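A.B. asks: One-letter residues, chain by chain:
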Amino acid sequence: MKHSHISETKIVDWLLDRLPEREKEDVSSHLKQCLECQRLLEAWKGIGLKAEAHYEAPPLSRPERIWAQAEAQKQTKRMRRGLRLAGGWIGAAVAVFLFTLRLSAPNDGPAASHDRSDEPYRYMIVEQKADIPIERIIHNPETKQIPIEPSALFQQLDGTIWLNDDTKEMLMELEGLPPFTARDYQLWIIYTNNEVKGELLTVRHGTARILITGEDVKRFKQIKASLEPKGGSATPTGPETFIVDLKHE
Amino acid sequence: MEDRREDLELLEKIAEGSRTAFDRFYEKYAPMVYHIALRIVGDEAEAEDVSQDVFLEILQKPHQFDPKRGSVQAFLAVKTKSRSLDRLRKKRDLLVNRLEEAALKENGAEFYFLRQLEQQVLIDALTHLPEEQRQAIIHFYFHGETQREIAAAMNKPLGSVKSLIRYGLRNLRKQKELFRWMEAGRGEKQHEA
Numbered sequence: 008m009k010h011s012h013i014s015e016t017k018i019v020d021w022l023l024d025r026l027p028e029r030e031k032e033d034v035s036s037h038l039k040q041c042l043e044c045q046r047l048l049e050a051w052k053g054i055g056l057k058a059e060a061h062y063e064a065p066p067l068s069r070p071e072r073i074w075a076q077a078e079a080q081k082q083t084k085r086m087r088r089g090l091r092l093a094g095g096w097i098g099a100a101v102a103v104f105l106f107t108l109r110l111s112a113p114n115d116g117p118a119a120s121h122d123r124s125d126e127p128y129r130y131m132i133v134e135q136k137a138d139i140p141i142e143r144i145i146h147n148p149e150t151k152q153i154p155i156e157p158s159a160l161f162q163q164l165d166g167t168i169w170l171n172d173d174t175k176e177m178l179m180e181l182e183g184l185p186p187f188t189a190r191d192y193q194l195w196i197i198y199t200n201n202e203v204k205g206e207l208l209t210v211r212h213g214t215a216r217i218l219i220t221g222e223d224v225k226r227f228k229q230i231k232a233s234l235e236p237k238g239g240s241a242t243p244t245g246p247e248t249f250i251v252d253l254k255h256e
Numbered sequence: 003m004e005d006r007r008e009d010l011e012l013l014e015k016i017a018e019g020s021r022t023a024f025d026r027f028y029e030k031y032a033p034m035v036y037h038i039a040l041r042i043v044g045d046e047a048e049a050e051d052v053s054q055d056v057f058l059e060i061l062q063k064p065h066q067f068d069p070k071r072g073s074v075q076a077f078l079a080v081k082t083k084s085r086s087l088d089r090l091r092k093k094r095d096l097l098v099n100r101l102e103e104a105a106l107k108e109n110g111a112e113f114y115f116l117r118q119l120e121q122q123v124l125i126d127a128l129t130h131l132p133e134e135q136r137q138a139i140i141h142f143y144f145h146g147e148t149q150r151e152i153a154a155a156m157n158k159p160l161g162s163v164k165s166l167i168r169y170g171l172r173n174l175r176k177q178k179e180l181f182r183w184m185e186a187g188r189g190e191k192q193h194e195a
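Residue numbers (the working numbering), protein chains in the order written: chain H, 8 to 256; chain G, 3 to 195.
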């Protein structure tokens with residue numbers, strides 16, 4: 008038999024005496040026979056929530072600070088949108104220029120391409136914040152969000168990978184990376200055929216953001232990171248920071 | 003009823019961009035929000051940050067509130083609890099501090115919320131602990147057993163169980179020292195047994 012509990016909001020309203028009489032009686036009778044809801048109620052009582060309570064105001068926080076923060080965030084969003092728009096126009100102009108150049112060039116040799124199938128790795132890394140279309144990637148309905156689970160030694164690490172096979176993009180954000188003077192964080196890309204490619208991570212104020220684009224993204228099987236001697240290693244040697252399995256569709 | 007109507011009106015005006023409405027809303031609920039955050043995270047500066055996040059969210063998404071689900075006050079209380087737990091998830095030092103405080107109390111009702119954290123958050127952190135310490139912590143925090151019940155199940159005196167929990171938490175705290183050791187490139191971490 009399915010046992011349904013009362014919503015937490017309703018339990019809090021019951022405690023604050025904000026429920027209409029009928030609902031109040033329903034909640035009271037449920038509480039009498041449901042240990043789990045009783046515990047939740049006790050927890051709320053335990054932190055001192057009650058109907059006629061007087062709480063101390065937060066010592067430093069001020070509404071104007073929150074207002075200013077909201078304004079600053081709006082500003083940043085506007086700037087990002089502007090940059091994206093400008094980037095789009097510049098990109099289009101460059102594309103037209105290259106197309107014209109190609110038309111006017113003699114057509115007697117193979118076209119140079121970064122996507123040549125004989126190249127071992129076909130991806131590009133973008134690390135500059137302004138060049139990464141974060142919101143476009145994150146809000147794309149085809150983008151998968153994969154939380155990063157840190158290893159036991161890096162518990163304060165928090166991060167996410169956004170993966171989109173359609174646009175061939177992988178965005179990764181990390182925060183809580185402790186700085187080490189004699190070591191660098193190195194990212195390891197493990198391909199479906201178990202090839203491994205290392206890339207140094209640029210860390211600023213404990214955070215790193217990296218966008219990888221290109222054909223190869225679809226062939227990434229795992230992403231992991233480790234601490235390596237300055238300048239990086241050819242293969243992983245240092246303690247592992249995290250490891251993430253990328254599940255492609 | 004009057005109060006409920008006022009809250010709805012304030013949220014409507016906040017959605018329209020009214021600074022006065024936001025100030026009034028803040029004045030009305032900031033003390034409660036801060037109180038809940040402080041009781042859960044146990045640190046004034048962090049509680050300030052949580053309060054700020056909660057009100058920032060209200061300012062940016064005032065239509066999140068659904069009057070069918072309950073009062074604005076209850077909505078804020080539950081949201082504050084949720085944001086406070088998020089903060090504990092992100093800041094492991096803070097979490098270990100709270101767990102230590104909980105370990106010293108036989109029945110701290112307010113620590114019930116800590117059990118709502120994803121078990122994985124703690125299980126990951128527990129993997130390197132000696133077996134008995136890990137077991138004591140799992141029974142205490144995840145199964146909600148009292149220290150007396152754990153003592154009976156583990157066939158140990160109550161004092162030993164309290165020590166196991168405390169040592170376990172202290173070992174968790176030592177994980178911070180591991181970073182210093184790696185930086186200096188020396189030493190090996192030892193657990194207290």
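Honestly, the hints are just simulated from the structure, not real lab data. Please note: incorrect hints may appear among the correct ones.
Stated by the list, open to error - Each computed DMTMM-like pair below joins lysine to aspartate or glutamate, with the alpha-carbon atoms no more than 20 Å apart:
(1) K57/H x E29/G
(2) K30/G x D173/H
(3) K93/G x D173/H
(4) K81/G x E182/H
(5) K31/H x E29/G
(6) K70/G x D24/H
(7) K254/H x D173/H
(8) K30/G x D138/H
Note that the structure is a prediction, hence the values are computed from the model and not measured.
A.B. asks: Tell me, in ascending order, the numbers of any earlier hints that this structure violates.
C.D. replies: Of the numbered hints given earlier, those the structure breaks are 2, 3, 4, 5 and 8, listed in rising order.
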